[in-house]
Amino acid sequence: MDSSRKQRWQQLQSVFEPGFRRMLLVSFLLHLLLPVLYHTPWFPKKDPVKPPVYRVNLVNKPVKKPQAGRPEAAPVKKKPPKKVVPPKAKPVKPKPIPPKPKPVTVKAKPKPASKPTPRTVSKPEPTSAVSKAQENALQKRLEELRTAQAKKRAEQERKDHLDALRAAVAAESQQVKSPVADAPVGSVTGKGDEIGVDERDYVREFITRQWRLSQYQLATRQLEAVVLLVYSAEGKLRHYRFEEKSGNEIFDSSLLRAILKSKDLGQPLQEQTDFTVIFNLKDMLDRP
Amino acid sequence: MKIVRAILAAAVLYFFYAGSAAAVRIEISAPGEQIIPLAITSLLPMGAVQAGVAEEFQQVLENDLDLSGLFDLVDPEAFLGDAQKLTLHSTQVDFGQWRMLGAEVLIKGGYRFEAGKLTVELRLYDVISRRLLTGRRYIGTLADVRRIAHTFADQILLSLTGESGPFNSRIAYISKRTGRKELYLMDVDGHQRLRLTDHRSIVLNPDFSPTRKELIFTSYDKGNPDLYRKEIYTGRESRLSLKPGLNIGGRYSPDGREVALTLSKDKNSELYLLGTDGTIHRRLTNHYGIDVDPSWSPDGHRIAFVSDRRGNPNIFIVDIHTLEVNRLTYAGKYNATPAWSPKGKRIVFARLEGSEFNLFSIRSDGSDERQLTFGPGSKEHPRWSPDGRFLIYSLDRGGEKSIWIMRADGTGARKISSKGGHDTHPAWSARW
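Heads up: the sequence lines are chains R and C, in that order. Using the numbering used here, count along the first sequence one by one with no gaps and you end on 288. Using the numbering used here, count along the second sequence one by one with no gaps and you end on 1432.
Among the clues, some could well be false.
EDC-like mimics (lysine to aspartate or glutamate), calculated; alpha carbons at most 16 Å apart, straight line [claimed, not checked]:
| # | chain 1 | residue 1 | chain 2 | residue 2 |
| --- | --- | --- | --- | --- |
| 1 | R | Lys245 | C | Asp1409 |
| 2 | C | Lys1265 | C | Glu1231 |
| 3 | C | Lys1085 | C | Glu1114 |
| 4 | R | Lys245 | R | Glu271 |
| 5 | R | Lys261 | C | Asp1396 |
| 6 | C | Lys1243 | C | Asp1226 |
| 7 | C | Lys1333 | C | Glu1353 |
| 8 | C | Lys1213 | C | Glu1231 |
| 9 | R | Lys282 | C | Glu1033 |
| 10 | R | Lys282 | C | Asp1226 |
| 11 | C | Lys1345 | C | Asp1409 |
| 12 | C | Lys1419 | C | Asp1396 |
Keep in mind that the hints were calculated from the coordinates and are not lab data.
Working from the sequences, and respecting the hints, build out all of it.
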């Protein structure tokens, strides 16, 4: 087997031109070089212009622990999910129902043959009116019992079904699987307890709230500036740097004010983080 | 082979490093708040107290800044100790106090009145960056308090927007308070009213020279609607155009060297260009329709006007070099009194809807038409402020005609002319 492979390889080598292996290696290296070059500063990458997305998040305002968003993506230690045991349906002990009484037939007692007097021939004793009424009442009562029991059973079944559904919902909500693949922690598109929003969203919201700029201050809305903000793990601004200025003094100074107001995020981060913040006025472009 | 391995290892390391060191990217596409909290402290006396100075100054300044739409004034009731200190240097100001009140911009100042001379020292501080944005010293008389306040309001807008405000300018208008339509002048806030003409006939349609303190207007003083020119300070008046028929709607070119107007000397209303000596430089339109209400583009190459050449009155634009005419408005049955913005982007005009006019603005290419005014009353004769931030217009409501001012986006409308004036045809001067 090995020898046949070797033979085949030798045949192939004979087909290849001399130096093919070297060419192959060079080609491979050149291909490898491309992604390396792509990640160098010679290839500046600009995010594609995305249309403004309006997300109305009425629940998940930034809170003190934004990392407590979607549980499966949160880096904090997860509590072992509670075992949800669907409640067992209580066995219903059916009460023994007396079997349906057979129609009461009153048989005439045979008279002893020794006294065959026609006078004394006893007629089949007719059921009295009182006993008939008792019988009817009994029947009625039995019917009622049966109906009540059937009703109770149906009620129990409905209850069991509801309990089972509730248990299933609870079990599903405890599942860590998000309906959105790779949804960021605490994002509205993610699934979790929605206690807070993620760190990035929190910082964005925080800085946005500090940024004040009137639409009447600017003659143009086509402005953009990029600022690098370095926050310590304690949430304090260590330093900032304008990577790109907009060229508009009013716009840039409003950013400076926003940065100065964002010196303290008011809560710690998971680690020291560099934020590249792009400030622009895309959402104000359609205003007169 | 060793080299290849080394390269591969380097590449892997590079990718690992690049991935770990990348900063988190955040895009913020609009400011969280679009209004600036401003604290205006009362002017403090730097010598003897002069009654009324601080109050009048405060009232004028607050009114101007409120109209600008830029600011949210911090309630003076909340002011702390620093408001009572005359701190004219940024090092002396307790910015912490102001920041605690939520103020981002702070105005402080003081005045001194000695020997009939009023000196006002004013400062505008950035509370967040703790620095002085602008500081001014104004010297005048007690009669200049309003003017000083308007001028400082302009200065504040210059500091915070990069362009001076229009508050230290004048508004000319036609008023019937004497029983006749005469030409008047007032401040942007409606104060300091001054009558300029005493023709005792009908005066119409004033326009300011962009370069000089003079006005043109139409008057029936001599029986015919002639175009007059009036120097404001000297009061000298002369007839600029007295052709037979109409001499109406005169508008100075942006350089002040020509006047566009409507003449009907040939029995039909056409647009002409006049020199400042009254000679006709050029006929701009030649159509059997009525052409009126010219308004220059700020570059001085085009003129918007009203014509009924297509049936209903609509806005058209004529190129003054090629005389090519293009229609601007198509909607509405009656569009009139166009006014080209000083920035050149938009044209505001009045449109008849039902029985009332409302103001609309449209881009000069005919796109993006927006309605600016709503509600009862007829709004007509719109004119721009010299910086293009505001509009003035006349409102006819309930039998009363008055002058109103609003921001260019239609917000913040307020009446500026006083009651009972029957005021119309406003025109906004250049910066005074």
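Each hint tested on the structure:
1. R:Lys245 with C:Asp1409: violated (28 Å)
2. C:Lys1265 with C:Glu1231: violated (27 Å)
3. C:Lys1085 with C:Glu1114: Violated. C:Lys1085 to C:Glu1114 sits at ~21 Å, over the 16 Å cutoff.
4. R:Lys245 with R:Glu271: Roughly 28 Å separates the two Cα atoms, so the pair is violated.
5. R:Lys261 with C:Asp1396: Violated, at roughly 48 Å.
6. C:Lys1243 with C:Asp1226: Distance of about 7 Å is within 16 Å: holds.
7. C:Lys1333 with C:Glu1353: Holds, at about 8 Å.
8. C:Lys1213 with C:Glu1231: holds (6 Å)
9. R:Lys282 with C:Glu1033: Between R:Lys282 and C:Glu1033 the Cα gap is close to 15 Å, so the pair holds against 16 Å.
10. R:Lys282 with C:Asp1226: Not OK: R:Lys282 and C:Asp1226 at ~51 Å, beyond 16 Å, violated.
11. C:Lys1345 with C:Asp1409: holds (13 Å)
12. C:Lys1419 with C:Asp1396: With a Cα-Cα distance of about 12 Å, the restraint between C:Lys1419 and C:Asp1396 holds, given a limit of 16 Å.
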